[in-house]
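Next come the chains, spelled out residue by residue.
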Amino acid sequence: MAAAGPRPPVKVWDPLVRAGHWALVASIAAAWLTRKGWGAVHEWIGYAALALVALRLVWGFIGPRYARFSQFIHGPAHTLRYGGSVLKGNEPRHVGHNPLGAWMIVALLTVVAAAGLSGWLFTTDRYWGDERVEDLHEALAIALLVLVTLHVAGVVAASLRHRENLVGAMFHGRKRPPAGDDVA
Amino acid sequence: MKKTAMLIGVFAASAVTAHATGLATCDSGPTEGWQPQAALEKKLTEQQWKIRRIKVDGGCYEVYAMNEKGERVEAYFHPVTLAPVPTKPR
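Read top to bottom, the protein sequences are chains D and C.
Note that this note's numbering has the first sequence beginning at 1, numbered continuously upward.
Note that this note's numbering has the second sequence beginning at 1001, numbered continuously upward.
Honestly, I wouldn't trust all of these hints.
[What the hints assert, rightly or not] Which stretches of chain C does chain D cover? Using the computed rule of at least three CB atoms under 8 Å from a CB of chain D, they are:
1) 1020-1026
2) 1029-1041
[As the list claims (entries may be wrong)] Below, simulated EDC-like cross-link-like pairs (lysine to aspartate or glutamate); rule was C-alpha separation at most 20 Å, straight line:
3) K36/D to E1074/C
4) K1069/C to D125/D
5) K88/D to D181/D
6) K1069/C to E1041/C
7) K1043/C to E138/D
8) K1050/C to D125/D
9) K1088/C to E1074/C
10) K1055/C to D130/D
11) K1050/C to E134/D
12) K36/D to D181/D
13) K1088/C to E1032/C
14) K1055/C to E134/D
15) K1088/C to E43/D
16) K1043/C to D181/D
17) K1069/C to D1027/C
18) K1050/C to E1032/C
19) K1055/C to D181/D
20) K36/D to E134/D
21) K1050/C to E131/D
Simulated from the structure, these hints should not be mistaken for lab results.
All C-beta atoms in this analysis are idealised placements derived from N, C-alpha and C, irrespective of residue type, glycine included.
Hey, can you work out the whole structure from these sequences and the hints?
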């Protein structure tokens, strides 16, 4: 009889999702650090971030199972129900993104894209020096910082709640296999 | 109380310098001695520049404009002399 040892971890995050995630983290940090007086460098960082968002959007339709938007994005009813169970402390563990994390991904990608596009707009002949575009760009950058903070808080909370290292999983791609009521 | 006052001081100082880019700094003294922005705008308009915006950065006037060739420029000028101020290459 073979002993029923612990089941091996499952591969969840593919290399492109992981590399894309950390490249986006790096570009957001670099964009923040170059926000004053590093025009050309800051612009290229912005274009890199836009390219990463575009890549992720495409990958969300053609990538492997856990990279696909259809795997993790749910409608408001499902998401609110999940949010309610989080408040009660009995939400199921998700092997992929959980429904709240999924909408955070949508929000982050949207705001990064909007920040990048508004930054580009500022460099066009038409909007060069335009104070409204500059204010919009700065407001989007602040919004992004707020979202990043919430994202990290959510990752830490979910890691503690389900006793798994989600930050580590975004590096090596592996997670504990589904068990019990887990959503695979 | 002393700590609070110090913190407020630090925040106030950082708010004042919040928009300093470090691209250029002008030893321009108190603003009473500055020429008005309109004077700079007039001077540059006479050089066929189209001024988009003038703001203060690092004690200099920072100008966003289209120059006489229709190119986008971000240029710095000394607010007392209105002389161009070179920016740090980056």
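Quick rundown of the hints versus the structure:
no.	hint	result
1	1020-1026	holds (count 4)
2	1029-1041	violated (count 0)
3	K36/D to E1074/C	13 Å, holds
4	K1069/C to D125/D	13 Å, holds
5	K88/D to D181/D	16 Å, holds
6	K1069/C to E1041/C	17 Å, holds
7	K1043/C to E138/D	31 Å, violated
8	K1050/C to D125/D	11 Å, holds
9	K1088/C to E1074/C	12 Å, holds
10	K1055/C to D130/D	12 Å, holds
11	K1050/C to E134/D	19 Å, holds
12	K36/D to D181/D	49 Å, violated
13	K1088/C to E1032/C	27 Å, violated
14	K1055/C to E134/D	13 Å, holds
15	K1088/C to E43/D	17 Å, holds
16	K1043/C to D181/D	73 Å, violated
17	K1069/C to D1027/C	30 Å, violated
18	K1050/C to E1032/C	26 Å, violated
19	K1055/C to D181/D	60 Å, violated
20	K36/D to E134/D	12 Å, holds
21	K1050/C to E131/D	16 Å, holds
Hints 2, 7, 12, 13, 16, 17, 18 and 19 from the list above are not met by this structure, while the remaining hints are.
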